[in-house]
Every structure is written in C-alpha cells, then in structure tokens.
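K.L.:
Modelling step: build the complete structure from the supplied sequences, incorporating the hints.
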Amino acid sequence: AQSVTQLDSHVSVSEGTPVLLRCNYSSSYSPSLFWYVQHPNKGLQLLLKYTSAATLVKGINGFEAEFKKSETSFHLTKPSAHMSDAAEYFCVVTPTVLSGANNLFFGTGTRLTVIP
Amino acid sequence: NAGVTQTPKFRVLKTGQSMTLLCAQDMNHEYMYWYRQDPGMGLRLIHYSVGEGTTAKGEVPDGYNVSRLKKQNFLLGLESAAPSQTSVYFCASSPLAGGSYEQYFGPGTRLTVT
Numbered sequence: 007a008q009s010v011t012q013l014d015s016h017v018s019v020s021e022g023t024p025v026l027l028r029c030n031y032s033s034s035y036s037p038s039l040f041w042y043v044q045h046p047n048k049g050l051q052l053l054l055k056y057t058s059a060a061t062l063v064k065g066i067n068g069f070e071a072e073f074k075k076s077e078t079s080f081h082l083t084k085p086s087a088h089m090s091d092a093a094e095y096f097c098v099v100t101p102t103v104l105s106g107a108n109n110l111f112f113g114t115g116t117r118l119t120v121i122p
Numbered sequence: 002n003a004g005v006t007q008t009p010k011f012r013v014l015k016t017g018q019s020m021t022l023l024c025a026q027d028m029n030h031e032y033m034y035w036y037r038q039d040p041g042m043g044l045r046l047i048h049y050s051v052g053e054g055t056t057a058k059g060e061v062p063d064g065y066n067v068s069r070l071k072k073q074n075f076l077l078g079l080e081s082a083a084p085s086q087t088s089v090y091f092c093a094s095s096p097l098a099g100g101s102y103e104q105y106f107g108p109g110t111r112l113t114v115t
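Chains as they are written, first to last, in the working numbering: chain U, 7 to 122; chain Y, 2 to 115.
Below are the DSBU-like pairs computed for lysine-lysine, each with C-alpha atoms no more than 30 Å apart in a straight line: (1) K58/Y / K55/U; (2) K55/U / K72/Y; (3) K58/Y / K71/Y; (4) K74/U / K64/U; (5) K58/Y / K15/Y; (6) K55/U / K74/U; (7) K48/U / K64/U; (8) K48/U / K10/Y; (9) K75/U / K55/U; (10) K48/U / K58/Y; (11) K75/U / K64/U; (12) K71/Y / K10/Y; (13) K48/U / K72/Y; (14) K72/Y / K10/Y; (15) K72/Y / K58/Y; (16) K15/Y / K48/U; (17) K55/U / K10/Y; (18) K58/Y / K10/Y; (19) K48/U / K71/Y.
Hints were generated in silico from the structure; no laboratory data involved.
P.N.:
Structural data, given as structure tokens:
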C-alpha cells in the first residue's frame, strides 16, 4: 500500500531563514516521489521529483529534497526563505513500476508562511 | 502554450442543479484526470482517462460523470449537485502514467453548492 504523511500542517519561518517541510512515505514498491507547490488560487506546480536516480534532488526556486530509504522520508528544504515561497506544499508518492493512472497518493499539504 | 485550462473559474449552484466543468490541454497528453481538493485532505482522484473515448473511476467517483470525446478535452459533470460537492476541482494531464511522469495541473474551479 502507498501513503504519504506530511508531518506539519503549517510551518512558519522568517524571511532569509532555512525552510524544512517534512514528508514520510509508505510504499510497497520502489517509489517515485514528488513535491508540488500551490500558490493561492493557483494550480499545482511541480517543484522536483525523485525517480530512483540521485537521492539528492534539486528543484526550481532553490528547493531541494533528499530521498532517504532507511527513514522512508523525502523532506523538502531551502537554505533561505523568500516571501514568494509562501504557499501550500504537497508531497506525492507513486510506485515507480506501476503504470496505472490512479496510483498517485497526495499528502494533506503543508502551508508555509514567511514572516518579513 | 496555454497548458491546462479550466472553465469556469468560479460557480455557485443550488442543490439539485447540474453543471459541466470543462478541461482542455494543448500538450497532446494521453492521460487526463479530475481531482477535488478539500481542506485538510489533499487531492482526491474523481475520474481519469487513459485516452480519447475511455474513462475510469478514481477514489471518489460518486455523483460525478465524465466524458472524453476529444483527446484534448475532459469534461466533468454533476447531474444533481449536493452541498457535499462544494470543493475546488482540478484537472490535470500527463503524457503517460507512472512514476517518472509528472502531472500538469490547471488553475482550478471553485464550486459552491448551496
């Protein structure tokens, strides 16, 4: 079975400080993992994805995530928060080897607030 | 390149009314999806399509119907709207399905059923 747990529903950071959004997953198969960002009243945009290549994945806007199989985690980080990073972030897991269209599992989201 | 577009952006319905949400993509993607987003629940798959003329049920299909008569369009219908269908609806598309293929999302439709 596949599932995703985003450990924090809301994270608040000061501008210029590091960002850490936590995601743990469960998967019966070797997983592919994604982070999507949703700005207010917008659709979801892909930040980065892991598909069994390098475990440290770099994405857009300075974000990166590290796949840790032993910890079943895929935490999202950024060294220095910017005001424009304020948004909702979703962690998503899907089994790499299965091609079915109904195999994406979304976390419940983490709302990031950036304080000036 | 418009990507994925959704019509309308907002709609208010009364209980029992019907409506159709339109999704269009210009990326020649085979797969299309309809999700609903509710507070604290992430996105849940309503229906999806693996190609023109084919549709399948997702996690929460009850109360909805879909059609994919053209490859670029995916319609979501509510035959008799209920307050429980108040939600934000997202359409997405992907070239294929499976781990390495990201989905591209539309901007969403905010539906309120009174």
